[in-house]
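Undergrad: When you line the sequence shown up against my numbering, it's residues 14 to 449, in that order.
Among the hints, a few may not be true.
[Claimed, not checked] Calculated lysine-lysine pairs in the DSS-like style (CA-CA distance at most 30 Å, straight line):
(1) K81 - K393
(2) K23 - K370
(3) K81 - K191
(4) K347 - K311
(5) K81 - K108
(6) K108 - K191
(7) K393 - K23
Simulated from the structure, these hints should not be mistaken for laboratory data.
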Amino acid sequence: MTTTTLHPGKDGAGVVRRTVLPGGLRVVTESMPTVRSVAVGMWVGIGSRDEAPEHTGASHFLEHLLFKGTPTRDALEISAAIEGIGGEINAFTAKEYTCYYARVLDEDLPLAVDVLADVITSSLIAPEDVEAERGVILEEIAMHDDDPSDVVHEQFSSALYGDTPVGRPILGTVESIKALSRDRIAEYYHRYYLPSHTVVAVAGNVNHEHVVELVATAYQRAGALGGDEQPAEPRLGGEEVPYLSGVTVLDRATEQANLVLGTSAFSRNDDRRFALGVLNAVFGGGMSSRLFQEIREKRGLAYSAYSYTSAYSDTGQFGIYVGCLPPKIDEVLKVARAEVAQLVAHGITEEEIILGKGQMRGGLVLGLEDTGSRMSRLGKSELVHDRLMSVDEVLGRIEAVTLDEIRSVALEILQRPMTLAVVGPYADRDFSSALV
14 MTTTTLHPGK DGAGVVRRTV LPGGLRVVTE SMPTVRSVAV GMWVGIGSRD EAPEHTGASH
74 FLEHLLFKGT PTRDALEISA AIEGIGGEIN AFTAKEYTCY YARVLDEDLP LAVDVLADVI
134 TSSLIAPEDV EAERGVILEE IAMHDDDPSD VVHEQFSSAL YGDTPVGRPI LGTVESIKAL
194 SRDRIAEYYH RYYLPSHTVV AVAGNVNHEH VVELVATAYQ RAGALGGDEQ PAEPRLGGEE
254 VPYLSGVTVL DRATEQANLV LGTSAFSRND DRRFALGVLN AVFGGGMSSR LFQEIREKRG
314 LAYSAYSYTS AYSDTGQFGI YVGCLPPKID EVLKVARAEV AQLVAHGITE EEIILGKGQM
374 RGGLVLGLED TGSRMSRLGK SELVHDRLMS VDEVLGRIEA VTLDEIRSVA LEILQRPMTL
434 AVVGPYADRD FSSALV
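Kindly generate the complete structure, drawing on both the sequences and the hints.
TA: Here it is as structure tokens:
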């Protein structure tokens with residue numbers, strides 16, 4: 014067992030420590046002595062993009078099944094254990110990781126660790142539970158498909174990356190969920206839900222040694238601790254993922270048209286991500302952004318208009334989303350393309366870079382005011398970054414962004430071939446001219 018201090022903190026606050034237990038299980042904590050809550054997250058470094066075709070949807074399926082029962086607790090006992098002390102317990106699946114988490118009072122930390130370790134290590138994956146949750150997931154997919162603002166983002170990713178793991182939906186498809194057998198799900202669970210693939214991240218009013226003791230005890234009780242495996246390497250990327258351009262239109266009799274126009278962008282660990290973040294804040298990151306001002310405030314073309322970035326280990330996205338009345342889509346696309354061209358040709362101003370940096374700094378610091386966000390930062394950093402950057406270091410990287418760097422990023426990203434996804438009442442409509 015090895016323990017290191019990742020950040021020393023100040024006056025006992027903000028101390029981040031990391032311990033590697035036998036078998037490669039990692040425990041990372043951050044002390045927040047002025048709060049009375051604790052957030053515990055058990056992060057498994059496996060997500061939807063790791064699924065083979067025969068396992069499509071298995072990562073998210075497991076997110077449901079692990080709460081259905083273990084040898085010591087049934088589904089009701091799992092949820093009641095945490096809710097009975099006023100806490101919350103839940104999970105989410107992403108393309109590159111899955112997280113099971115609880116938020117409780119600091120005095121209830123032992124129970125939270127025990128419950129989460131139990132579901133992570135000892136799920137029964139009973140056949141009757143698989144069938145029950147199959148129906149629930151199919152309902153979840155149907156609910157997702159009823160929201161065109163969700164569907165258009167999924168359409169965009171699929172069009173951008175094609176039929177590849179990163180382009181497929183996290184939930185899976187109706188066909189893949191119906192085809193998944195109990196044995197295939199169990200095979201996926203036992204192959205990937207290993208201590209070496211797991212990070213236990215805890216933030217709040219905690220003592221690191223106490224947390225390590227609780228985690229070790231819970232995993233030993235399940236027979237899941239031991240061996241000489243080392244922690245899995247963080248996902249630092251590889252070959253750049255190829256991307257496509259073109260138009261995809263899903264004809265729906267909706268009252269509003271939804272569109273995403275965008276392209277591939279930088280990976281999660283690319284140093285240029287800070288400049289892209291400032292550029293995105295200026296272009297479409299808020300009510301004062303160029304996109305919002307031009308589309309909504311000046312022309313009244315839409316209620317919702319924004320740009321966004323997302324990043325994975327080996328690729329990323331830059332996208333423009335707008336929801337508007339169907340007859341207005343041509344003007345919306347014209348304005349969006351004009352704003353992109355303006356940004357490429359002239360960059361941004363000194364006043365705008367100050368505004369963009371301020372928005373990023375404030376969003377970062379305000380977003381880390383609670384134990385849950387601090388815990389998420391620890392877990393994601395351990396899984397997908399080569400090290401944990403301090404908040405001050407991140408703020409410094411944002412402040413160091415220059416106008417020239419933003420201009421370079423704009424030329425690099427916004428001149429790439431674009432992809433357009435549209436959901437709305439547009440049977441046989443050709444939008445290819447919007448990409449010219």
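Undergrad: Hint by hint, which ones does the structure fall short of?
TA: Those not satisfied: there are none.
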